[in-house]
Amino acid sequence: MDFTTLIQLLDSTIRSATPLLLACLAGLYSERSGIFDIGLEGKMLAAAFFSAAVAFLSGSAWIGLAAGIASSVTLALIHALASINFRGNQLISGVAINFLAAGMTVLVAEAWFSQGGRTPSLVGLARFEPIKLPFADQVAEFPFLGPIYAELLSGHSILVYVALAMVPMTWWVLYRSRFGLRLRAVGEAPEAVDTAGVSVIRLRYQAVIICGVLCGIAGAYMATGLQANFTKDMTANRGFIALAALIFAKWRPWHALMACLLFGFLFAIETRFQKIDLLGVTLPLQFVQALPYVLTVVILAGFVGRATPPRAGGEPYVKER
Amino acid sequence: MTLMTKCLGAAAMLSLSAGAALSEPALIFDLGGKFDKSFNEAAYNGAKRWVEDTGGSFREIELQSEAQREQALRRFAEAGFNPVITMGFAMADPLSNVAPDYPDTKFTAVDVTWLDAPNIRQIGFAEHEGSYLVGMLAAMASESGTVGFVGGMDIPLIRHFGCGYAQGAMAVNPDIKIIANMTGTTPAAWNDPVKGSELTKAQISQGADVVYAAAGGTGVGVLQTAADEGILSIGVDSNQNHLHPGKVLTSMLKRVDVAVYDAMTAGENLETGVFTLGLAEDGVGYALDEHNAALISDEMKAEVDAAREAIIAGELNVVGYYENDSCPVIDF
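If you're matching them up, the sequences are chains A and H in order. Just so we're aligned: 242 in my numbering is position 242 of the first sequence, and the numbers increase by one with no gaps anywhere. Just so we're aligned: 50 in my numbering is position 50 of the second sequence, and the numbers increase by one with no gaps anywhere.
Rather than coming from a laboratory, the hints here were simulated on the basis of the structure. Hints may be right or wrong, so weigh each one.
Think about it this way: if two alpha-carbon atoms lie no more than 27 Å apart in a straight line, the pair counts; the simulated DSSO-like pairs of lysine-lysine are [claimed, not checked]:
(1) H:LYS48 with A:LYS132
(2) H:LYS34 with H:LYS247
(3) H:LYS34 with H:LYS48
(4) H:LYS301 with H:LYS247
(5) H:LYS177 with A:LYS275
(6) H:LYS301 with H:LYS177
This one's a predicted model, so the numbers in the text were calculated from it and none came from an experiment.
Taking the hints into account, I'd like the entire structure generated from these sequences.
Here it is in structure tokens:
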């Protein structure tokens, strides 16, 4: 494998990892606050649809992004209402959101655009076009570092940089800010937070809303950055892969980045090399395509050490137990 | 168990038949969905044309899961729809279970040609012949000497497309490099445009400047990325030239619409048996319209039309993937 191929492979890794990363960080906020969220997939899907639809109607990718985030936050609030206020089962609420989004997006798309559950193609400003970082053309000729900057780092949509910037920001919020301390505490021992006079419900709502915003960006990136329209079920289970990555990362932001890049890298390998020659044996396409999922199973089976979820995760908080 | 399914079916019939006149045709779309801009949409267009021409009406269902195949088939047959038209190779097993139970109902199966039943009209297409022609066009339009193929689900039918395409490209340029990729190995591969985009980008980075998508809804992503990156693409099944005018080189037409139209027109008097529609029957071909007129020069057209004549006359043999379950020129 030569250097150019490697760069292209890593470039593809970044594109594939971005929606995973955003969804993974979204899940991180929610689960750190004690609200399990398997509805990441549904929120991304809803955001993908509404961002594409509104971007088409308004002609602006940014207005589309706002609509995508709004729809995702709406679903997040439904989840919050069910699991925080009504103390419902968080897994069931998450599944319901996934089903709701899968059906609703196609139904509304058909009603608005009559194109069989897809949205019309976006052109021009209605899409997030790749942006060139400054001096990308000038340094491209430089050996080694030039291509890394010009090909790998430059030329992604703005949302990719937003996703990458979210990692240090999440780290800072989680480990250096007062809000983060309380957020971590409310996922481990909500009664302690409550005793300290901080509202558990308010904190959990804040976390779930942040989760909705990040899922919204992930969905908008897929529909208006990677693609130029919404198609039925276009998230293709990436929300669940993100959940696996979150557990792999043991609910830590930098590890989440690594986990998502690893999954992205496996997807990139799968699309680039459909057959791999390893020590004289040709691994068939089926094996290569199964790799990300095999990895998921291996991870979830606990081969990478013990992943302990936040202690109060999945438990509705009841005052004065 | 059979008795029970019959009873349940009969109950379903009572509720269904209330509004259905006897012997209306019914159409079952495959998992890609009615508006996949490709295979299933071609069937829908054929049915729509039949409605416009005759004023008749038909029932339809878009399958959502594998489990619905037999259920939908049985319900339509119970309710007296005739003929019942199915789309896609995956209907073969459900058909072989259901068709013998309804000897008076005629079935039409598009993309199924190997069943042994007296009441099924089985329609196959010579996809390799049509793909051969677009493969020639791809090789003539390519400047880099590398062309790509993106398949949907990895099944023999899609390899059949790819094999014809590769032979056509090699007929024009024996040294051409052909990159063939499959989207996946499950039916989800028909509906993953994001992955289609990623595959296209990977092929472009390997030098491809014409990409042929035979991938249902996934192909929408392939065509989009090709247009974005400034290379040419080739659509499939329906005429997809209009999706990105001037950037889609051509489309490999598979006249599913004609097959559906004919089946609906024949109605109950449908002739059953196995039919293969190739270039000679205009069952396959390549699309030429105002959107790609500038891309296809007169020389290209003349050369492809000559090959078409030669295939019809039997002077040129395009090897199908089915013949040996392998392709002589490309390894998938």
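Here's how the hints hold up against the structure:
{"no.": "1", "hint": "H:LYS48 with A:LYS132", "result": "violated, 46 Å"}
{"no.": "2", "hint": "H:LYS34 with H:LYS247", "result": "holds, 25 Å"}
{"no.": "3", "hint": "H:LYS34 with H:LYS48", "result": "holds, 12 Å"}
{"no.": "4", "hint": "H:LYS301 with H:LYS247", "result": "holds, 17 Å"}
{"no.": "5", "hint": "H:LYS177 with A:LYS275", "result": "holds, 17 Å"}
{"no.": "6", "hint": "H:LYS301 with H:LYS177", "result": "holds, 22 Å"}
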